[in-house]
Each structure stands twice: as C-alpha cells, then as structure tokens.
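There are 2 protein chains.
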Amino acid sequence: MMRIKATVAYDGTNFSGYQSQPNMRTVQSDIDKALRKMHKDDTIHSVASGRTDAGVHAFGQVIHFDTPLSITEESWVTALNVLLPKDIRILTAKQVSDEFHARYSAKGKTYQYRWSRKPIHSPFERNYSVHLGKWNPDIERMKEGAVRLLGTHDFTSFCSAKTATSSKVRTIRSLEINEEGHELVLTIEGDGFLYNMVRTIAGVLYAVGIGWDEPRDVTEILQARDRKRAGKTAPAHGLYLMSVTYDQ
Amino acid sequence: MMRIKATVAYDGTNFSGYQSQPNMRTVQSDIDKALRKMHKDDTIHSVASGRTDAGVHAFGQVIHFDTPLSITEESWVTALNVLLPKDIRILTAKQVSDEFHARYSAKGKTYQYRWSRKPIHSPFERNYSVHLGKWNPDIERMKEGAVRLLGTHDFTSFCSAKTATSSKVRTIRSLEINEEGHELVLTIEGDGFLYNMVRTIAGVLYAVGIGWDEPRDVTEILQARDRKRAGKTAPAHGLYLMSVTYDQ
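If you're matching them up, the sequences are chains B and H in order.
Each step along the first sequence adds one to the number in full-length UniProt numbering, with nothing skipped, and position 23 is 23.
Each step along the second sequence adds one to the number in full-length UniProt numbering, with nothing skipped, and position 62 is 62.
Bound conformation, chain B alone (with noise of 0.2 Å):
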C-alpha cells in the first residue's frame, strides 16, 4: 500500500458541505466514489484536513488515501479529474510516507474572507464573495479590531455553541486585511481553526468596520468566552480554504 496526498480545489456552491452525508451531494463523497471507480469498486476513503460547510469553498483542501495502485503522481491527477465532477479539481498529488496524515499531521491553515464593494454585485461573483451593498466598512477599523485576535488565546466566543473539542485555545499567526481591486479581503492564518471560527470573525470585524462595534469590543468579546456576545455569523460563500502547512 502506498500513501496518496493531494491538494484539492473545489467550487463550494453546490456541495452540502465536505463531509459525506447520507442523500447528499459531498465534495467527500464525490472523490471517495471517484477512488472507488479507480479502484475496481473496492471502496477507499480519504481524509481531508478538516471539513468545509456548505456554501465554503477550497483552493488548496489537502487529502489523503492509501492505494495498492502503483501510477504516477502527475497520473493520480489526470485520472482523477476525468473521473470528478468540474466543481471538484485536484490540483497535485504526491507519494508519502504512512506517517503523514492530512488531519493530524496538519501545522496551520490559511483561510480567506472576500466581501465585495461594487454597487451591484456582479452575477458572476454571487456565489463567490459577499455583497456589501451600502455597507461601507473601514479597513483601518477592521484592523485596529484584528490585532486584537492575534496569538494565542482561548477563542470559544468564536466558535459555533455546538462545538465539542475539548481545548478551545488556537493561534493566529496573522490576520490582515486588504483592498484588492473592489474586493476587500480578511486573509487569517493560524494554527488551526474551531467550527465557524473564520467566518464568527469575518462577521465581528465587519461589525467594527461598518461602527456598529468598537475595536476595543473584540478583545472584550474574546474575554466574555460566549458565542452570544460575538454577533452573527458572515455568510458562507465568502469563505475560501485556502492552504494547509505541513512539515512534509
């Protein structure tokens, strides 16, 4: 048996979520059924860095799955997305050893929040950024609110009230953001993220960007240790995986 680690590239819109699900379309289930066609019907599961939800999209997503097929990495790639749908795309693939694990062996990921300025949002971009319409945030208020998140903290006023891990501490190791032609961009990237985390705060930096909240309120709604006090969750589809660091 070989280890097989692929990045993967998928279009979010279309997809309940990463995870497989029972009657549901998954970007999961999609590529476990593309391995299995690969595989004489024998059934291959692969496993991703972590799940996506519905409406999320990934540029770089990382799996990975054990073979008893012996092809060529650039071959794992062509095959592949001949069997996928086009909203799913591997991107590489390559052997590793049977230590590396897409989950475990994971050291950071880095996400992207996209929100768009222009007055009508175009119907290209509906699914793949979140309309401001008159909204106008102030970049330099989001930030002066992000700093705030940097480092090491116990995040549970950002993490969705059902999550169950034990230790709710994570690390950003930067957050910033920019102006990138009409879009304005949160790129955040920590050691690991907590359900919702990103998009809890997408949602409070925009809060403090448009003024209904005060920069200094993030580092109160971070001591609070309470969902409620961290306002709505952004959308979905502004939301976009966008690498997993490993060591190997």
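Don't read these hints as lab results, they were simulated from the structure.
Heads up, a few of these hints could be off.
Identical chains share a label here; the pair holds if one copy fits it or two copies do between them.
With a straight-line cut-off of 30 Å between C-alpha atoms, the simulated DSSO-like cross-links for lysine-lysine are [to be verified]:
no. : residue 1 : residue 2
1   : K232      : K33
2   : K86       : K118
3   : K94       : K134
4   : K228      : K94
5   : K40       : K232
6   : K232      : K107
7   : K134      : K40
8   : K134      : K86
9   : K33       : K118
10  : K86       : K232
11  : K134      : K37
12  : K107      : K168
13  : K228      : K168
14  : K94       : K162
15  : K168      : K40
16  : K118      : K134
17  : K168      : K86
18  : K33       : K134
19  : K94       : K107
20  : K118      : K94
Given chain B's structure and the hints, the job is docking chain H onto it.
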C-alpha cells in the same frame, strides 16, 4: 406610458437561454416575472436586443419595456434587482423615447469568447471559459485567420443551417484576439450576428490556431457559403454578450 431601456448582466449557466419557453427557466421569463410583480400582476413584456443560447452569458444585454409607473431610473434598478434572482442583475435603467427599440434600433453588438490556458481548469471558472487542456492555439495563426472575416460578407457558412433570416450578409467591424492572463480572448464587433455565428467563428479560429486548418482556409470556408465547411460550433459557456450600441 413611458419606455425604459435597461442594461442587464446575467450568468447563463442555469438558464435555458434568454428567450421565454414553456416550463423552462429563461432570463426573459424571470425579467417579465419581476416586471409583473412591480405592476401588480399586469403583464409587461420586455424586448431584448436579441436572444442568447443556454449557457451563454451577458455583461451588457439591453432590453426595453413600456410602463405606466412613474419612478426614478435609480429606483427601477433597485426594485428590479430586489425581485430578480441573483444570476440576473439590472445594471442601469434610463427613460427613452417611444422610437427606441432594443432590437430594431441596435446599431452594433460586441461579443467575447474566452478560453482558459490553465493546465487544470479552475472549478471557479468551469462555467465561464472553455478549457484548452493540452491544446495550445497559436494566437498569430488565429489573427491571420481572423482578418479574413473583417468587413461585409455573406456569413452562410458561419450560422446554424436552421437560420431562416432573409439576408446572411453581415459586417464585422473589428475582431481582436488577445492573451489576458491565463485566458485567450476573442473580441468581435459587428452590425449584427446570425444564429450561432460567434461560436462558429470561435470554432473555426480555434481549428486554425491548433493547426487543423490553415489561416487561408477561413477565406475558403467563407466563400463556400455552406455551414458544413466550418466544423464544430464552440461551446456556449465561453461566450459573453458584452454590449449593444445605439444612436441614442
């Protein structure tokens, strides 16, 4: 009654083309449904500069309709966009004289056709450009073929054999081919286009670009006045109606 001219952008992916058809989702039927809601269930029919096929996109389709409502041009944009699905957006609305007709007053149209040179087609671009894959069209050959189409010609070879128009003579005023990042883009402007004409031209120039045909064959195809000589129509999802020009 007032006549309103509006420019409309739409993502053609999820429509069975522009023109209303029974039991199909079309751009026209969605626009007329929104107009009907604004007019308290009175039927208002919009007229477009021309139809587009299933999968074809528009940045600047133009329509007109007549209305007894007296509201500002800005309010037309806002109100229609509230009622329309997000894959159709009204970009501008303007009151015009009764002589203006979206179809009959049109003096010219510009279309673009987009191919992607990325080794792997981005899942985010799958509906918005045609993937070239291993094919690598030579832009200089395509340009050499393109100049042969400039000017006034009988385009019988370049339109669907089903076309019932009395005259198949049209004038192409400009035809440019450019590399834009990873995309190969054909931009064509003329006084009007026959059914499938731009997609047939795209197909012929693509065949010249990849070496299946010679640039001089374009002249022969034109002179043959036979649709069979022009080869495959290029796929719908690479095509965009960019703008329609009028005297007023």
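Tested hints:
1. For the identical chains of this complex, K232 and K33 are neighbours neither inside a copy (36 Å) nor across copies (33 Å), given an alpha-carbon limit of 30 Å.
2. Taking CA atoms no more than 30 Å apart as the test, K86 paired with K118 passes in both settings, with 28 Å inside one copy and 14 Å between copies.
3. Within a single copy, K94 and K134 get their C-alpha atoms only as close as 46 Å, which misses the 30 Å cut-off; across copies the closest is 22 Å, which meets it.
4. Taking CA atoms no more than 30 Å apart as the test, K228 paired with K94 passes in neither setting, with 43 Å inside one copy and 46 Å between copies.
5. Proximity of K40 and K232 under a CA criterion of 30 Å is satisfied in neither setting, with 46 Å inside one chain copy and 35 Å between copies.
6. With identical chains, the CA atoms of K232 and K107 are at most 30 Å apart within one copy only, with a shortest distance of 28 Å there and 50 Å across copies.
7. For the identical chains of this complex, K134 and K40 are inter-copy neighbours only, at 27 Å across copies versus 54 Å inside a copy, given an alpha-carbon limit of 30 Å.
8. When the C-alpha separation of K134 and K86 is checked against a cutoff of 30 Å, the pair qualifies only between copies, where the shortest distance is 17 Å, while the shortest distance within a copy is 34 Å.
9. In this assembly of identical chains, the alpha carbons of K33 and K118 lie at most 30 Å apart only when taken from different copies (26 Å versus 39 Å within one copy).
10. Within a single copy, K86 and K232 get their C-alpha atoms only as close as 32 Å, which misses the 30 Å cut-off; across copies the closest is 22 Å, which meets it.
11. Taking the closest pair of Cα atoms, K134 and K37 come within 30 Å of each other only across two copies (24 Å); inside a single copy the shortest separation is 49 Å, beyond that limit.
12. For a Cα distance limit of 30 Å, the shortest separation of K107 from K168 inside one copy, 16 Å, qualifies, whereas the shortest one across copies, 64 Å, does not.
13. Taking identical chains as interchangeable, the C-alpha atoms of K228 and K168 lie at most 30 Å apart only when both belong to the same chain, with a minimum of 16 Å there against 66 Å between chains.
14. Taking CA atoms no more than 30 Å apart as the test, K94 paired with K162 passes in neither setting, with 36 Å inside one copy and 51 Å between copies.
15. For a Cα distance limit of 30 Å, the shortest separation of K168 from K40 qualifies neither inside one copy, at 42 Å, nor across copies, at 53 Å.
16. Taking the shortest Cα distances, K118 and K134 sit within 30 Å of each other inside one copy (10 Å), while across copies they are farther apart (36 Å).
17. Taking CA atoms no more than 30 Å apart as the test, K168 paired with K86 passes in neither setting, with 36 Å inside one copy and 37 Å between copies.
18. For a Cα distance limit of 30 Å, the shortest separation of K33 from K134 across copies, 26 Å, qualifies, whereas the shortest one inside one copy, 44 Å, does not.
19. In this assembly of identical chains, the alpha carbons of K94 and K107 lie at most 30 Å apart only when taken from the same copy (18 Å versus 55 Å across copies).
20. In this assembly of identical chains, K118 and K94 lie within 30 Å of each other by CA distance solely across copies; the values are 20 Å between and 40 Å within a copy.
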